[in-house]
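Asks: Here's the letter readout for the chains.
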Amino acid sequence: MTTLFWLQTGACGGESLAILSAEAPSFEGLVTSHGLELLWHPSLSHAPMKRFDSLLEAIESGAQTLDIICIEGSLITAPRGSGLFDSYQGRARIDIVRMLAAKAGHVVAMGTCASFGGVHAASPNPSDCIGLQFDREQPGGLLPPEWRARAGLPVINIAGCPAHPHAMTQTLAALAAGMAPRLDALNRPMDFFNTQVHQGCTRNEYHEYDIEDEQLGGPACLFFNLGCQGPMTQAVCNSDLWQGVSSKTRAGVPCFGCTAPNFPRDADLFATAKIGDIPLRLPAGVERARYMAYKSLAHAAAPTRVKDKKMDV
Amino acid sequence: MARIELNMSLNRVEGDLEIGLTLDDGVVVEARTIGTMYRGFEQIMIGRAARDGLVITPRVCGICSTSHLFAATLALEHAWGVTPPPNAVRIRNLCLIAEGLQNDLRQTILFFAPDFCNARYADEPWYADVVAAFEPFRGALYLETLAATRDAVKIIAHFGGQWPHSSYMAPGGVTLPADLRKVFACRALLDQFQQFYERRIIGLALDAWMALDKAEDYFALLDAPGHGRSALGLISRAARGLGLHGAAAGVGAMLSYGAWRDPENPEAPILRSGFYDGAGLAPLDQGQINEHVRHSWFRPYEGGRHPWRGETIPNYMPDGERYSWAKAPRYGDHVVQTGPLAELLIGGDALIASIYAAEGGGAWLRQFARMRRVGHELVHARAMLDQLAANLSGEHFRAPEAEPDGDGYGLTMAARGALGHWIRVRDGKIEKYQIVTPTAWNASPRDSAGQPGHWEQSLVGMVVRDPDDPIEIGHVIRSHDPCLVCTVHMLDTGRKIHFGP
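Protein chains in written order, with UniProt numbering: chain A, 1 to 313; chain B, 1 to 501.
The shape of chain A in the complex, shown without the other chains (with noise of 0.2 angstroms):
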């Protein structure tokens, strides 16, 4: 068995509720068919609060082993360093985590704020949040750059706002088979963070010839003016549908970004920074001067159906 302990730290719950949207495996699969024993997480577990510090004690001792620790959350870390702005009978959460994670054979940060700060950490940071092992995208959180787990990684970091519920179940079980994920330069299993969500997109025929909304409700393009940041963010929204139906920008919702560090992005969310009609930021890797040629160029060949947005997404 693979022994597993959820804790929460600074957290609104998302990931806790998105997990039980997973199907393949379910998160009650984990637990039934992929080894997993269920240690703790803070809205399943039945037992009275009393196992929860008994386990603290054991796996602080050593007599209980500790395989998986996810957080779920920012880590709090005001007033002043002290962390007491989120405590447990008075300890700091962040000292408790500092104690699972040099314990753990893995830490999972599950979800942006576990991973680099998240919503919390946004400006001005009320609270002095950080992530497990970045702060933003600054290497070093609560834990060192150099820091590794038991079994010899990083935090590995599903982030996301909240973390896809695929990415959580199937990087669980992958740990649970003794198969260690590749990390991408963000400590993300690339497994999931190797595809842009701008793939997949049921708006990509407007996005090809450059065919944008400018306000809300359309079925257009909206890169270049509501702030979709789709082709920009890894993440696997569009390649493995969320509930199985759907994605933010299917649904004609901005990408927020919301698996990058710097989530959410000082600015306004539903706007697109430019230069002339340009948007500031491009496609990852593209050259200004020849998008700028293929976007006029495909925006000259739009056919009628697309120009006159007739096309459903």
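Among the clues, some could well be false.
Listed next, the in silico SDA-like pairs over lysine to any residue satisfying Cα-Cα at most 25 angstroms (straight line) [claimed, not checked]:
#1 B:429 x A:275
#2 A:50 x B:23
#3 B:429 x A:268
#4 B:154 x A:32
#5 A:274 x A:289
Covered by chain B, according to a simulated footprint, are these stretches of chain A (three or more residues, beta-carbon under 8 angstroms) [what the hints assert, rightly or not]:
#6 81-88
#7 138-144
#8 170-181
#9 242-249
If you're looking for bench data, these hints aren't it; they were derived computationally from the structure.
The beta-carbon is built from N, C-alpha and C at its ideal position, and this holds for glycine as well.
Based on these hints, arrange chain B on the given structure of chain A.
Replies: Same frame as chain A, now just chain B:
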């Protein structure tokens, strides 16, 4: 980045709550609910673009992010003078209801009912049935509820792209129109959920269930084979057997902002709003809402302040009289409770009114109301889908003509009760944002006059048999549908014991 510790606002939303109890010979004589986490959402909003609340505030709560999105949208529509078209209101209602379906069943079957599997109840006549149904990750109803609620939120994904944390409602409507494909896909999901509810949760047909309007008719059902074997029948048998119908009523005053909106008249809720003072019903007046900080870790001010005048400047003093990161919201001077019981009692559910008149509102009735609400949710969700099907070409979004500076509020009934957002827009930016959540009302600390909050009052008088395993407190607190992490401190003969889900 400015890092000013003493200029933050409070998360008094969900999250970590501790409750300090004073026991006298095993009887609770005083209770204090303690919010132990501060995140600062309202501070993060200041200076951002007006619409950013549609992205930031759903992240306040993972289980009711749709309600926060709705309240944020309403607040901006109020400030900008925008009225959404009927189909937008229908889609909003449908998605709010889908979130309610998942909440009400998950809370009941995954969070509340497992307490009855406690070994202390092994000799109770219902124990074997309860364990077979509700044991975590094994019980039949537990596993079926995981599957059914997984499907319910697919309805939100059809219109919003994902659940939780999408931003598909915006001033003027919703981002995606209804079409034939989505309407029938959602209809299939809803029909399937309704069948599960009828067969496994209430044990009778929805029509017959909604037609029940007298307490005695419901009590007679408890012995009927269909309902008796259902989830609700089982919960009622266990909870009433333990006396939870006569326990922990808390304060009599109740508050509802009204559930869902009339598509043709979006100002008006479908289930009416109001303030019930324990004797009669008065129209809702949001001007009566005010928040106290006398016992909270914020810079002190006198009395209570309306959210538009409110401030949340942290002032952490762990060892004094102040004990919580939660403010104390009051309606006028009234301590109130909110949630499904308030929603249905004020909203006019005859069965709830009849039971309330017969035996008052205890922990069991609060839980019962949550399960009863699912029936209303199913009826209205179906109506929204039928109306959408009959109006497929209707508008779903009207871009606001102007986005002037102004003040606005958005009030709704989230799964846990009355949720309000108050916004002040200046120069196109957010100058002030205040959120008063349902849990802020229910889990409120004492106010300036020393009046304890609703949970605090509901716990007084409870008998705790085993301070090492205070399961009675768990029943009561969970009947309020607390947020995901709730901790109870018990102070008894110097020992400190924690209890929580």
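Asks: Indicate, hint by hint, whether the structure satisfies it.
Replies: Now for the hints, and whether the structure bears them out:
| no. | hint | result |
| --- | --- | --- |
| 1 | B:429 x A:275 | holds, 23 angstroms |
| 2 | A:50 x B:23 | holds, 19 angstroms |
| 3 | B:429 x A:268 | holds, 10 angstroms |
| 4 | B:154 x A:32 | holds, 24 angstroms |
| 5 | A:274 x A:289 | holds, 14 angstroms |
| 6 | 81-88 | holds (count 5) |
| 7 | 138-144 | violated (count 0) |
| 8 | 170-181 | violated (count 0) |
| 9 | 242-249 | holds (count 8) |
Of the numbered hints stated above, those contradicted by the structure are hints 7, 8, listed in ascending order.
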